[in-house]
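**Q** Protein sequences appear in the order of chains A and B.
Be aware that the first sequence starts at 2, since it is given in our numbering, and climbs by one per residue.
Be aware that the second sequence starts at 31, since it is given in our numbering, and climbs by one per residue.
Possibly wrong hints are sitting among the right ones.
To be verified - Listed next, the stretches of chain B that the computed footprint assigns to chain A, with coverage defined by at least 3 CB atoms under 8 Å from CB atoms of chain A:
| no. | stretch |
| --- | --- |
| 1 | 62-74 |
| 2 | 95-106 |
| 3 | 127-141 |
| 4 | 176-184 |
To be verified - Examples of chain B residues toward chain A, derived with CB under 8 Å:
| no. | residue |
| --- | --- |
| 5 | W59 |
| 6 | N77 |
| 7 | V88 |
| 8 | W114 |
| 9 | L118 |
| 10 | A144 |
| 11 | A147 |
| 12 | L148 |
| 13 | W165 |
| 14 | Q166 |
| 15 | L168 |
| 16 | A172 |
Since the hints were made in silico from the structure, they are not lab data.
Glycine residues also receive a C-beta, built at the ideal position from the N, C-alpha and C atoms.
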Amino acid sequence: MFKPKNYLALGAVLIVAVVLLSLPTHVTSRLKRAVGSWFLPLFGLASAGQQLPADLADSVLPRRELLQQIDQLRRDNQQLKSQAVQTAAIARENDQLRTLLNWQKQAPWKLKLAKVIMRDPENWWRTVQIDLGTRDGLRENLPVVTSSGLVGRISSVSFTRSQVVLIGDRNCRVSALVENPARDMGVIVAGGTLDTSLVDLTYLASSANLKPGQNVVTSGVGEIFPKGIPIGQVVDARAVEFGLYTEARVRLCANLGSLEQVWVLFP
Amino acid sequence: MNPFQTILILVAAYLAVFGEATLSAPRHWLGAQVDLLPALMVYAALNAGLPTVALLGVLGGIWLDTFSANPLGISILPLFLVGWLISLRRDLILRDLPFAQFVLGATASAVVPALKALMLLSGGKELLMGWGTLWQWLVLTAVGAVATPFIFSLFGWCSRTLGYQPRQETSFRPDREIRHGKVLKHL
């Protein structure tokens with residue numbers, strides 16, 4: 002049982018672990034990138050496997066249905082064009098009013114669509130990886146959203162992939178604003194460990210008058226998330242620390258449990 | 031050390047880590063992402079040599095940390111320690127009994143995440159933990175316990191099907207051969 006080779010193996014593995022853990026962050030992220038590339042064949046196979054049923058379904062779709070879809074898309078296109086014309090008119094009016102009032106013009110945010118390719122295998126982190134990286138112009142701390150609301154922010158970037166830390170993770174705090182008459186402000190922090198749809202809105206004023214169903218949006222404070230992105234709705238509120246401040250549970254707009262595609266916001 | 035067995039174990043670990051990172055069904059159904067590496071480590075510790083245990087600990091740990099927000103290398107030690115301790119006592123363990131495999135799988139699957147969390151917390155990391163973590167830990171333990179006998183059966187089948195077959199023992203013994211046409215001298 003107490004053979005020297007047993008302790009030799011233990012020592013060797015211990016050294017490897019200690020060396021890896023003591024490497025600087027930029028070196029470990031490079032190493033992670035290199036090791037992650039070993040899995041590229043599996044990612045290729047997985048995406049091909051996902052694409053195959055869709056291709057098969059496309060090949061057997063009847064012509065009549067395709068024509069109906071084209072017709073529907075044309076109608077949608079016409080509708081969107083008219084909406085775009087109206088929006089352009091509103092934007093012009095907005096610009097004129099800003100000029101009259103001497104208000105600073107808001108820079109429009111650009112969007113880039115990304116596919117969620119994997120989730121964190123550990124239960125104590127809430128992160129996902131997306132298929133955009135530095136080659137697509139991504140950098141750390143860019144906000145990530147879906148059509149429903151805020152998802153999180155980019156936490157690390159490699160050439161072809163990026164890690165997104167989701168709202169509800171301990172490393173993603175968002176300054177938020179409740180859309181009520183008092184415009185109460187707080188910070189979104191991690192909520193429960195099992196329900197990914199609930200987060201806590203904390204550090205609200207003790208006088209905050211929150212009601213279930215009130216919308217919570219980003220406040221724009223902190224310079225990472227632009228103002229006004231929907232986060233969720235208030236579920237309930239309670240006084241904490243002997244009434245020192247108020248805390249509320251917020252149900253997120255975006256369904257973080259089934260993310261497939263997300264948008265990265267560029268300033 | 032059987033190289034075929036080592037390769038088989040490492041390929042299984044590679045696929046297990048990829049599955050854990052890409053399949054979210056267990057998270058939806060059970061509320062926790064399962065980890066099959068401890069169960070694989072139990073198999074490796076009982077059926078393969080210490081180099082295989084070390085390789086699985088190092089590579090499995092690195093692969094898992096690559097897809098996670100964990101610091102790179104944090105999963106190596108907990109995984110290897112469990113395998114190392116089992117391999118030290120492997121002669122005393124009834125490895126062919128499914129109950130023993132079940133118990134070892136449960137223990138390994140409970141100890142590995144607990145050690146990992148302990149190391150991360152000692153390193154000052156803020157983990158998402160609460161009462162739900164207890165449920166996730168129980169799920170990990172139960173899935174690891176159930177998966178271990180399956181892994182043993184699967185690897186046993188693979189070894190029988192793809193590995194070298196043991197030489198068949200015949201009942202023929204040359205010293206018992208009856209030589210016809212010869213008369214014994216002492217008679």
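**Q** The hint names L118 of chain B as touching chain A; please verify it with the least Cβ-Cβ distance against 8 Å.
**A** Cβ of L118 of chain B sits 6 Å from chain A, so the hint holds.
**Q** So, N77 of chain B near chain A? Judge it on the closest CB pair being under 8 Å.
**A** violated (16 Å)
**Q** Should the interface hint for W59 of chain B be scored as holding, given a Cβ-Cβ cut-off of 8 Å against chain A?
**A** violated (11 Å)
**Q** Taking beta carbons only, do three or more residues of the stretch 176-184 of chain B come closer than 8 Å to chain A?
**A** violated (count 0)
**Q** Within the assertion that chain A covers the stretch 62-74 of chain B, do at least three residues meet a Cβ-to-Cβ distance smaller than 8 Å?
**A** Result for this restraint: holds, n = 3.
**Q** Could you check if V88 of chain B really has its C-beta closer than 8 Å to a C-beta on chain A?
**A** holds (6 Å)
**Q** So, as I understand it, the hint says W165 of chain B touches chain A; can you test that by seeing if any CB pair is closer than 8 Å?
**A** holds (6 Å)
**Q** Using the nearest Cβ pair, does L168 of chain B come within less than 8 Å of chain A?
**A** For L168 of chain B, the interface hint is violated, since the closest Cβ of chain A sits about 12 Å away, which is over 8 Å.
**Q** Does the closest beta carbon of chain A sit nearer than 8 Å to the beta carbon of W114 of chain B?
**A** Holds - the Cβ of W114 of chain B comes within 8 Å of chain A, reaching about 6 Å at its closest.
**Q** Hint validation: A147 of chain B versus chain A, beta carbon distance must be below 8 Å. Holds or violated?
**A** Holds, about 7 Å.
**Q** Under 8 Å, Cβ to Cβ, is where Q166 of chain B needs to be relative to chain A, so tell me if that hint holds or is violated.
**A** With a closest approach of 5 Å, the Q166 of chain B hint holds.
**Q** Against chain A, does the stretch 95-106 of chain B show at least 3 residues with beta-carbon separation below 8 Å?
**A** holds (count 11)
When each numbered hint is compared with the structure, violations occur for hints 3, 4, 5, 6, 10, 12, 15 and 16.
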